[in-house]
Structures are given as C-alpha cells and as structure tokens.
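Asker: Guided by the hints, dock chain P onto chain R, whose structure is given.
Chain order of the listed sequences is R and P.
Sequential numbering of the first sequence, starting at 1, is according to our numbering.
Sequential numbering of the second sequence, starting at 1001, is according to our numbering.
No lab work stands behind these hints, which were simulated from the structure alone.
Model, not experiment: these values are computed from the prediction.
Just a few of them, taken from the derived set where beta-carbon distance is under 7 Å, the chain P residues facing chain R:
hint	residue
1	Asn1054
2	Leu1056
3	Asn1090
4	Arg1093
5	Ala1094
6	Met1098
7	Gln1102
8	Asn1104
9	Trp1106
10	His1108
11	Ala1118
12	Arg1121
13	Val1122
Glycine residues also receive a C-beta, built at the ideal position from the N, C-alpha and C atoms.
Chain residues, written in single-letter form:
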Amino acid sequence: MWDSLRQSLDLTLFWEYRTILLRGLLQNIYIFFGGALLATALAFAIGAARLSKRGTVRVLSTGYAELFRNTPEYVFLIWVYYVLPIIFSRLLATKFNFSPYAAAVLALGVSYSGFLSETVRAGILAIPRTHIDAAMALGMSRWMIMRRIIAPQAIRRMLPEALNQYVSLFKATSLVSLIAVEDLMYQVSMITVHEMRPLPLYTGAALLYCGIIIAAAQCIQHLSDRWRQRGWA
Amino acid sequence: MTTPEAIIRVVNLRKSFGPLDVLCGITFDVREGSVFTIIGASGSGKSTLLRCLNYLEQPTSGEIYLDGKPIGFRIEADGRRVPDTAANINRMRAELGMVFQQFNLWPHLTAIENIIEAPLRVKRLARKEALDIGRHFLGKVNLFDKENEYPARLSGGQQQRVAIARAMAMQPKVMLFDEATSALDPELTGEVLEVMRALAKEGTTMLVVTHEMGFAREVSDRVMFLHNGQIEEDGSPESVFNAPRSERCRQFLSKVLH
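Chain R extracted, bound-state conformation (with noise of 0.2 Å):
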C-alpha cells in the first residue's frame, strides 16, 4: 500500500515539466507585483483619504474600503473579466475587452487595496498626535509632515501586517488560471488532463507555493530584524 501510495506521489514527474511550470509561475510573480503595487498604490490613497476632514471623502472611501475588503477575489476577478468590459463597452459604445493578465492584476489589486487600506490607516493613526504637534510647531506643511514624519514611521508599523497580506495575495494568485491565465495551476491541469496524475502534480504545486512563501517570509523576517537592530523601532 505505501509502495503504490510512493509510487504515484513521486515528483519526478513534476520536474520533468519544470520548464512549462516555470513559465507558468513566473506568471504568478508577474501578476503578483502588479497586483501589489496596484494594491499598496491605491491602499495609500484610500487609507490617507479615509482620515481626511471631509465627511464625504471619509464616507466614500471606507465604503470603498468595506466593499471590496468584503467580495470574495474570486467572484471579483470573474466580475472584472466579464462583466466590466460589458459596462465600458455600453459606456463607450465600442467593443471593449480586457486580456486576462490585466483583469488579474486590477482584480487582485483593487481587491487587496481594501484590506490593505486598513493597515495604512491603522498604521497612520498610531503615530501620536504629538509628533504631528512638534513638526507643525517647527512650521512644517501638511504634506512635508506626511512625508517625512509621518510615513516613514507608519510603514515600518505597516510592514508586519502587511506582508500578511501581500502572501494572501501571492496565494490569491493561483485563483486567475480561472480565467485563463497561463498560470502555474493552469499548467498544472494542463499537463494532469494529459499526463492522468494528477497527485504527484498537484503535490508538487502545493510544495511549491508553500516553499516560495516560507522563503518569502524568511527574507523579511531577516530584513525587518536588521531594521530593529538600527534603532527603528
């Protein structure tokens, strides 16, 4: 029993497709930076506008923020791959269409911007008000204390959570091979309608997301200990 359960769990046969998969994971990178940069882009602009002094910009982005921190990725990336291009194409009255690479991205960033709004918020609010007071008292503007007092002190208090979610994000990559991507889950079942095995395919997917986040994650963690170490704390 252990013999057959070895046997057809043996991995070689994912590795005799890594060019294939590699490809298709260097997919999910590219999808994941421009998911994140698109995320921590707009997560900066709705977390600074969700403490702004006007009620209405308060209002629309922690609705923006609620919305998407609350729809499902993946019902959100079908959205954005089918049914936006029906609105713009009403809209401008031309045939419209995204490719599924740029639906991915915009899917997975606007989506994670709505948790991660939260973080820049709660980040930014735990800088005490009297730093703000001694910058303002030493004639400093708005936005030079944002910059320089403000910011560099919420980031490092940002980083830990995160990073939480730019994982969940990498995670949430694996979910665009729906929509046609050619992603790594993509050629993963690509190869398992052809190949018929899928458990040593699969496993190895698996091992292999796993692999990348633990490393991911040992990197900051090496990265964040030599910033403690320098006093930013």
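Answerer: Quick look at chain P alone, frame taken from chain R:
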C-alpha cells in the same frame, strides 16, 4: 538705550472647547529679550494659551501679534479680518520655537536628524549649513557627543535637551516652553532647567509655562498667574511671589511652595 519692543502682543484672547471656556479674554505683552512665566493650577488654561500663540489651537477670538504682525489672520484693505493661509501660518510658526512636555522627538530620526529636519525642509538651508547650526545647538545643550543616537537611547533629560536644540536651530524670535520639565524625574529636571537658564541669560525671549516655582522666581522678568482662563495676578517675580494681591494666587503659591 531704546526701550525693548513688545515682540508678542496678545489682546483679549479667548478660546472655548464647545461649551467650555478655557481662556476668557487674556491680554498681555512680552518684551523682546525677556522671560515671561505663566504659572497656575492644572486646567487653568496655561498650555492652551501657549498652543494658541502658534496656532496649534485656533483661538475662538482675540488677536495675537508677533513682532507687530498679526498671527492667523490678515487685515484686508477694506479693514475686514480674514483667516490667514496655511503657508503664512507655517511661516509664522517657524519663528516661534516650541518645547513640549513630552519632548516629542521623532523616534525614526537621530538627534542631529531631528534638529536639522526643519532647517533643511522649512528654511531650505544647504545640508552643510544645517549641520553646522545643528551641531552648534547640540553643543549648547551639552550633547555634542550624542548626535547619532536615536531618541530611544537617550534619557528623558537628554531628549528634552535635543528638543530644545531642535527648536533653537530654527533661530526663532521667541521660545515657548510648555511644562518642559514636568515629565522628567526630579534628578533630570536640573539639566534641562540649566539649559533654559543659559538661554535666558543670552537674551532669548522666552514664554515659559512651568511648575518649577524656583526657576520662575529666579529667571523670570515677569510672572503671570492664570486661574480659570483669566489673569489673576501679573507682575515682577518679587511682587507675585512675595506679595500677591489675589487670594487665589496666595492659596496656589502656599500649596506649591511647600
């Protein structure tokens, strides 16, 4: 010898937080080069008064002038009073140094970086020049050897001295001290008071809110006692400490001096 001008003039200043009147019509002048001390019980409005001067709190009404120029508002050609622009308020703030009870150093910057931040960004000095000024003032507060330390590695007294150097590095017209020693352990207040004494001796104009009655009596040119947002007693340190006219001031002093 010319008579020293009023560098700060406060006229009928009022501040309310909702229904609570914190300052109820305060009027006074601070002469250039003098030390003006504000004493009073907690909640008497001392800190609010100081924070109104540089517009960290917006006064409800009344006027403040720094070196003859109104703070926080402009008089239009037709005589109307309009709120001043944020840029002008920032420019005015740069001329008023402020030292806080909790030091408020920025923890992500070293001592010298804390000090040169505003000279670099607000005054747009060259880095070299800002560093020279920063080191000069760091030396003045006797912390020349601590320039590369982060605030977390400095004692409270050292942090407060860096904060004083940070405010002085902007070379302000007036220094505001908001209970600068209240958060310090008794054995650390001495080193901060010593720095403040030295600044006073050099002729720095200082507005000091303090609970250190010895310091107030010894260093001040003028002492004001606030009670419930009003000036109860006001005069030379001798007259306020030795012969207060107001009953409340007498009670307050008898409590804090023993």
